[in-house]
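One line per chain: the protein sequences are X and U, in this order. Reading the first sequence from the start, the letters are residues 14 to 197 in our numbering. Reading the second sequence from the start, the letters are residues 417 to 780 in our numbering.
Take these hints with a grain of salt, some might be off.
[To be verified] For lysine-lysine, the following DSS-like pairs were computed, each having C-alpha atoms within a straight-line distance of at most 27 Å:
1. U:LYS726 to U:LYS703
2. X:LYS162 to X:LYS127
3. U:LYS453 to X:LYS185
4. U:LYS771 to U:LYS726
5. U:LYS474 to U:LYS487
6. X:LYS94 to U:LYS453
7. X:LYS142 to X:LYS158
8. X:LYS97 to U:LYS453
9. X:LYS162 to X:LYS152
10. X:LYS162 to X:LYS185
11. U:LYS726 to X:LYS119
12. X:LYS142 to U:LYS487
13. U:LYS722 to U:LYS770
14. U:LYS453 to X:LYS152
15. U:LYS770 to U:LYS743
16. X:LYS158 to X:LYS185
17. U:LYS453 to X:LYS127
18. X:LYS94 to X:LYS127
19. U:LYS703 to U:LYS743
20. X:LYS142 to U:LYS478
21. U:LYS722 to U:LYS743
22. U:LYS703 to U:LYS770
23. X:LYS142 to U:LYS474
24. U:LYS703 to U:LYS722
25. X:LYS142 to U:LYS453
26. U:LYS453 to U:LYS474
27. U:LYS487 to U:LYS501
28. X:LYS152 to X:LYS142
29. U:LYS722 to U:LYS771
Calculated directly from the structure, the hints in this document are not laboratory data.
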Amino acid sequence: MICQECNQRPATLHFTKIINGEKAEVHICEKCAQEKGEMFMLNGGSGFSINNLLAGLLNIEPGFQQAKPNTLPKKEVLRCKQCKLSFPEFVHVGKFGCAECYETFKDQLNPILKRVHSGNTSHHGKIPKRIGGSIHIRKQINDLKQTLKQFIEQEEFENAAEIRDRIRTLEKEVNKGDEGGKQS
Amino acid sequence: MSLEHFLENAASSWMNEEGPDSDIVLSSRVRLARNFKDFSFSTLFSQEEALEIINVIKDRIKNAEIPEIGKLEFLQIENLQPLEKQVLVEKHLISPHLAEDSPYGACLVSENEEVSIMVNEEDHLRIQCLFSGLQLNEALLRANVIDDYIEANIDYAYDEERGYLTSCPTNVGTGLRASVMMHLPGLVLTNQMNHLVPAINQLGLVVRGIYGEGSEALGDIFQISNQITLGKSETDIVEDLTSVVQQVIAQERSAREALVQTSNIQLEDRVYRSFGILQHARIIETKEAARCLSDVRLGIDLGYIKDISKCILNELMILTQPGFLQKYAGGPLRPHDRDIRRAAFIRERFELEKKDNSEGGNTP
Ligand SMILES: [Zn+2]
Ligand SMILES: [Zn+2]
Numbered sequence: 014m015i016c017q018e019c020n021q022r023p024a025t026l027h028f029t030k031i032i033n034g035e036k037a038e039v040h041i042c043e044k045c046a047q048e049k050g051e052m053f054m055l056n057g058g059s060g061f062s063i064n065n066l067l068a069g070l071l072n073i074e075p076g077f078q079q080a081k082p083n084t085l086p087k088k089e090v091l092r093c094k095q096c097k098l099s100f101p102e103f104v105h106v107g108k109f110g111c112a113e114c115y116e117t118f119k120d121q122l123n124p125i126l127k128r129v130h131s132g133n134t135s136h137h138g139k140i141p142k143r144i145g146g147s148i149h150i151r152k153q154i155n156d157l158k159q160t161l162k163q164f165i166e167q168e169e170f171e172n173a174a175e176i177r178d179r180i181r182t183l184e185k186e187v188n189k190g191d192e193g194g195k196q197s
Numbered sequence: 417m418s419l420e421h422f423l424e425n426a427a428s429s430w431m432n433e434e435g436p437d438s439d440i441v442l443s444s445r446v447r448l449a450r451n452f453k454d455f456s457f458s459t460l461f462s463q464e465e466a467l468e469i470i471n472v473i474k475d476r477i478k479n480a481e482i483p484e485i486g487k488l489e490f491l492q493i494e495n496l497q498p499l500e501k502q503v504l505v506e507k508h509l510i511s512p513h514l515a516e517d518s519p520y521g522a523c524l525v526s527e528n529e530e531v532s533i534m535v536n537e538e539d540h541l542r543i544q545c546l547f548s549g550l551q552l553n554e555a556l557l558r559a560n561v562i563d564d565y566i567e568a569n570i571d572y573a574y575d576e577e578r579g580y581l582t583s584c585p586t587n588v589g590t591g592l593r594a595s596v597m598m599h600l601p602g603l604v605l606t607n608q609m610n611h612l613v614p615a616i617n618q619l620g621l622v623v624r625g626i627y628g629e630g631s632e633a634l635g636d637i638f639q640i641s642n643q644i645t646l647g648k649s650e651t652d653i654v655e656d657l658t659s660v661v662q663q664v665i666a667q668e669r670s671a672r673e674a675l676v677q678t679s680n681i682q683l684e685d686r687v688y689r690s691f692g693i694l695q696h697a698r699i700i701e702t703k704e705a706a707r708c709l710s711d712v713r714l715g716i717d718l719g720y721i722k723d724i725s726k727c728i729l730n731e732l733m734i735l736t737q738p739g740f741l742q743k744y745a746g747g748p749l750r751p752h753d754r755d756i757r758r759a760a761f762i763r764e765r766f767e768l769e770k771k772d773n774s775e776g777g778n779t780p
């Protein structure tokens, strides 16, 4: 079998590639395996899933590398307040327990997201219509604040005043929306 | 049950319709992953939470009249027979995970089976829309309609920075998985898939066979889907995938042209041999059936075979799987008996096609 990456050297390594929890077999040569190393995991049989990918990703992070248990300082295990999932448990299962986990494991999450989503860590897509109402406005406010800064720098104070009024109106709207949210 | 009646009940609308570029793209699918706010994800939720999710979504959706979608039938997985579950999986309406490993799983399916919503799978909700041909935009629009309808009453787990929160971080952000199922016999016969797959992977897309195990792609049917769900808008994800698919379509078409030009008679021979096998074999395994069906479908597309409908590939790839064969047989079958049944089923299906044509001839 020929390596499917370079189509030149014979494939000596047979892996299972995991993307979004779905398996695909990969046959590549050692050189290509080294280059693509982090995305390929050794075929671990049927019990294979996204957590192996996560475990593999985490091993790359400095500080996570094969630390011997007895040399590791006793530290409090990071645990989600809401669902009580610990970070090692997350790595083992590959799935979060609740929405709060995203906040709890924020610092650990960024490198994982970067690898899985080609360097992206923040959302640029749909905003839910109803609960997202204030989010829309806050985004608008942030944009306006940028414009305001520019006007002030350029000493266009008349324009700046206009923008400031618009920001104030929007901020009132956000506050109203948030109160409404609490009541329901 | 007669075969005609069975087919009427068994086939989903996407299998019979001919969407854009349906000579190469068999179907387009969009899936949105959503979770309820203030509930644990399915990995950790309690029975009470799971049942509440089912009740809330049932109330919201069951008798709803969503424009262009109509009524959705509610099915609780624990109430289904093993064979019924298998059939839903074979039709791609639910995932194997929902069928086997989701104790509180349920699903809602539209009458034409274009829309299915899985409940309590890996995420609380997975909204899926399945269209014939290359129609990712249409599928996304439809999925958004359902998403908005649900969101009007239900708070989703959503974060300003991370977007829609999903139990697995590989789905976070848009929660969108868009995929197309493509029939690529030309690229397989000309050995081009080996080069194409890594090239497509480099674009952040995933290629895999959907029938068969591991790297084999039975019936020369491949699925291409997006890997990245975070940092790109839904429209961009769908447009990027569409443009890659269009390039693959162009390559498949030119591979077919090249095949016809260089080895017309060999190709025609291959097509007709497979046609003969399907019409006359008495025992046929999944693998051989898939290969022959792929050849015959190619033969139809190239005009060698006339009077056989194109949907025969879609339909028979799905309906000759073990679950469907056993449903048609009315009970469990051993593997060897399945191969006999499969051969019989395919023969009957081709007979039906001939009958339809002669009837069609009488009423022009
Ligand atoms: Zn190589
Ligand atoms: Zn949590």
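Going through the hints against the structure:
1. U:LYS726 to U:LYS703: holds, 20 Å
2. X:LYS162 to X:LYS127: violated, 31 Å
3. U:LYS453 to X:LYS185: Holds - the C-alpha atoms of X:LYS185 and U:LYS453 are around 26 Å apart, at most 27 Å.
4. U:LYS771 to U:LYS726: holds, 16 Å
5. U:LYS474 to U:LYS487: Holds, at about 12 Å.
6. X:LYS94 to U:LYS453: holds, 16 Å
7. X:LYS142 to X:LYS158: holds, 23 Å
8. X:LYS97 to U:LYS453: Between X:LYS97 and U:LYS453 the Cα gap is close to 17 Å, so the pair holds against 27 Å.
9. X:LYS162 to X:LYS152: holds, 16 Å
10. X:LYS162 to X:LYS185: holds, 20 Å
11. U:LYS726 to X:LYS119: violated, 50 Å
12. X:LYS142 to U:LYS487: The hint holds at about 23 Å.
13. U:LYS722 to U:LYS770: holds, 11 Å
14. U:LYS453 to X:LYS152: Cα-Cα ~22 Å, so holds.
15. U:LYS770 to U:LYS743: holds, 24 Å
16. X:LYS158 to X:LYS185: Within the cut-off at roughly 15 Å; holds.
17. U:LYS453 to X:LYS127: Within the cut-off at roughly 25 Å; holds.
18. X:LYS94 to X:LYS127: holds, 25 Å
19. U:LYS703 to U:LYS743: With Cα atoms ~20 Å apart, U:LYS703 and U:LYS743 stay inside 27 Å; holds.
20. X:LYS142 to U:LYS478: Holds - the C-alpha atoms of U:LYS478 and X:LYS142 are around 22 Å apart, at most 27 Å.
21. U:LYS722 to U:LYS743: violated, 30 Å
22. U:LYS703 to U:LYS770: holds, 25 Å
23. X:LYS142 to U:LYS474: Judged against 27 Å, a Cα distance of about 21 Å means the pair holds.
24. U:LYS703 to U:LYS722: Roughly 24 Å separates the two Cα atoms, so the pair holds.
25. X:LYS142 to U:LYS453: Holds - the C-alpha atoms of U:LYS453 and X:LYS142 are around 15 Å apart, at most 27 Å.
26. U:LYS453 to U:LYS474: holds, 17 Å
27. U:LYS487 to U:LYS501: holds, 21 Å
28. X:LYS152 to X:LYS142: Status holds; Cα separation ~14 Å.
29. U:LYS722 to U:LYS771: holds, 14 Å
Violation of the numbered hints given earlier is confined to hints 2, 11 and 21; the remaining hints are satisfied by the structure.
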